[in-house]
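Visitor: Spelled out from the first residue to the last, the chains are:
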Amino acid sequence: MKANNVNRAARGLAHGAALAAGYGGLCLSVLITFEVIARKFFSFSLQGVDEIGGYVLAIGVAFSFAYALLQGAHTRVDVLLAKLPGILRGPLNASAALLLAIFAAFMLWRAVDTLLVSLEFQSHASTPLQTPLWIPQSLWVAGLTVFALLAGLLALRAVFLLVTGDLSRLNQEFDARSADDELDEARHDYASGTVQTPHGSSHS
Amino acid sequence: MIGPFEVLIGFIILLGMMMAGVHVAVAIFSVSAIGTLVYLGLPLLYSFGDTLWGTLNNFLLTAIPLFILLGELLLRSGITDRMYNSLSVWLSRMPGGLLHTNVGASTVFAAMSGSSVATAATIGTVALPALSDRGYNERLALGTLAAGATLGILIPPSINMIIYGAITNTSISKLFIAGILPGLVLAGCFMLAIMAFSLLRPGVAGDPEPRVPLGQRLRSLADLLPPAFIFAIVIGSIYSGWATPTEAAALGVVAALVLAAIYRKLTIRMLHESFLSMARTTAMIMLIIAAAFFMNYIVGILGIPSTLTNWVAGLGLTPLGLILALVVFYLVLGCFLETLSMMIATVPIVVPMVVAFGYDPVWFGIFLVIMMEISLITPPIGMNLYVVQGVRGKGSITDVMLGSLPFLAIMLLFVLLIIIWPELVMWLPDAMG
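Residue numbers (the numbering used here), protein chains in the order written: chain A, 1 to 204; chain B, 1001 to 1433.
Just chain A, with the same shape it has in the complex (with noise of 0.2 Å):
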């Protein structure tokens, strides 16, 4: 089916996006490392290390809202929802994810308006590296991208079961993860690193 290629393309591209801010993580640890010891032992700075830190962070974050949304992370208080029979619940959860589809496009919106102007004004970094800001910004912006797309795409889903009736569909879908999902995800993941399952599949 198509709908199925384009949830496991999208599945894979937010997962290899993750692994990736990962060792985004990793490289960074090592080079700070490096930097803190050099400074304090060697007297000798790399400089900008903290800069690379700050775009490090926003790359990441922006190309791990999209595998969040994915494992369903984003956080949803659910005290009233679980307690609420699935008719109500059905529409809940697809304005929940209609919402997040908004805000997803408006920060993707803003988030470019700011590259333009940094594009614009040819702007650099106020820092020894002088880093031009459209080359961070830009892959920030990517990151929101795939994030908006994504979150688009759930929106259209859960509006499409809601629309067609299918609110047990809806429901098993989009309902906000339980505090039993929590703990099977604490569980999983905590186990002593005995992890068994292979990496990436959904919780849910």
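I should point out that these hints are in silico values taken from the structure, not numbers from a laboratory.
Remember, it's a predicted structure, so these values are computed and weren't measured experimentally.
A few of these clues could be false.
When the alpha-carbon atoms are kept at most 25 Å apart in a straight line, the in silico DMTMM-like pairs for lysine to aspartate or glutamate are as follows [to be verified]:
no. : chain 1 : residue 1 : chain 2 : residue 2
1   : A       : Lys83     : B       : Asp1399
2   : B       : Lys1394   : B       : Asp1081
3   : B       : Lys1394   : A       : Asp78
Partial chain B-side listing against chain A, Cβ under 10 Å, derived [stated by the list, open to error]:
no. : residue
4   : Ala1033
5   : Val1038
6   : Trp1053
Some residues of chain A that are not near chain B, with every Cβ distance over 12 Å (derived) [as the list claims (entries may be wrong)]:
no. : residue
7   : His74
8   : Leu149
9   : Ser168
10  : Arg169
11  : Ala176
Ideal Cβ placement from N, Cα and C applies to all residues, glycine included.
Given the structure of chain A, go ahead and fit chain B onto it with the hints provided.
Guide: Just chain B, lined up with the frame of chain A:
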């Protein structure tokens, strides 16, 4: 410009959206956007792109993913089991036996990890099999696990303190150092309570542990070296001023990699699992923080903190009265909201008000973290209760809730203690200069 009544309406809209299941970040952003449109106009709303870039491109906040990565690496590195066994050899001869080991192991793990949920899951997984064999009172044992694990966010490093420090412009180094003494004293209070229970009702602590020869006890100390090593690197480098919190987190990550390699647990797969967990948790936290920084900005322009400060002052509330009111406020809010969301959504408004009443933002940060610890074991949604129940995998969640209640009471008394005796919090950070 904006009165207390309008602020209340805003807060109700925020809570209402959250209860209706809207994503927490979207709810925080929406209510800020409504405030902006009603009082300030569209151009300010358009500045969100710059806020977003400013929030995310921030070396201070880079500490968050690095500390998460540190925790993920540590709990896959196999040092927890050894640490638990070593502590049990030393602590389990006290009245209360292995229950002390639960608190002790949580304390030590907390000193390496910035998360309470990770602490609960890790220590719970190691401890529960040992406990069920030996006839411990199950409820009390579960309570020590759920409550002990809350120390994860009080004893540095702490993700929650990084977020608090970043939003309120408070020194994260000072917050970390300020958490050490209260964390140790609170752990000591838990242990005293366990001793008291075991002496009053001898049955609760199960069979006495066999005596372990001194030589073996001394040898087991070697398993406490890795946690001590991580703590010394991370907190030592901050305390001595060698490194900022973000740099300390990076040093910790590299040290954890070395430890994992020594224990032969360092594989590509283990790394990838850690990376994915890091990406998921960081993205979840940062989406809320991005919205909260915008809220912080708008709330400041609207002058909401001074409005509320004047309003509270007009009520004739003393500083002490205000803090006690906040204890009740956070207790009640903790019954509805997930802990981190509760902190992030309230800090922009509450902290300026509290500071205007003469409280030190470092002290208030510790106060807030302890209130968050309480909310982690407050029914019906305290996260630690569910994690411990999940690791246990049988019986009813009610057992965990009832077992945690005595510790909940201790934590409330502890909050009163730091209100009466703020030096307990401020002594170390003040000594740091």
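Visitor: Now look at each hint and say whether the structure bears it out.
Guide: Evaluated hints:
Distance restraint check for Lys83 (chain A) and Asp1399 (chain B): the Cα-Cα separation of roughly 22 Å lies within the 25 Å cut-off, and the hinted pair is therefore satisfied. Taken as a hint, the Lys1394 (chain B) and Asp1081 (chain B) pair is honoured in the structure, with Cα atoms around 22 Å apart against an allowance of 25 Å. A C-alpha spacing of about 23 Å is found between Lys1394 (chain B) and Asp78 (chain A), which places the hinted pair at or below 25 Å, so the restraint holds. Given the 10 Å rule on beta carbons, the hint for Ala1033 (chain B) holds: about 9 Å separates it from the nearest Cβ of chain A.
For the restraint placing Val1038 (chain B) at the interface with chain A, the shortest Cβ-Cβ distance is roughly 17 Å, beyond the 10 Å limit, so the hint is violated. The criterion of a C-beta within 10 Å of any C-beta in chain A is met by Trp1053 (chain B), whose closest approach is roughly 5 Å, and the hint holds. With a least CB separation of 5 Å from chain B, His74 (chain A) falls inside the 12 Å interface cut-off, contrary to its annotation. Once the 12 Å rule is applied to beta carbons, Leu149 (chain A) is consistent with being away from chain B; the minimum gap is 16 Å.
The claim that Ser168 (chain A) lies off the interface holds: its Cβ sits roughly 17 Å from the closest Cβ of chain B, which is beyond the 12 Å cut-off. Distance check on Arg169 (chain A): its Cβ is at least 17 Å (rounded) from any Cβ of chain B, clearing the 12 Å threshold; non-interface status holds. Here Ala176 (chain A) does not stay apart from chain B, with its beta-carbon only about 6 Å from theirs, under the 12 Å limit.
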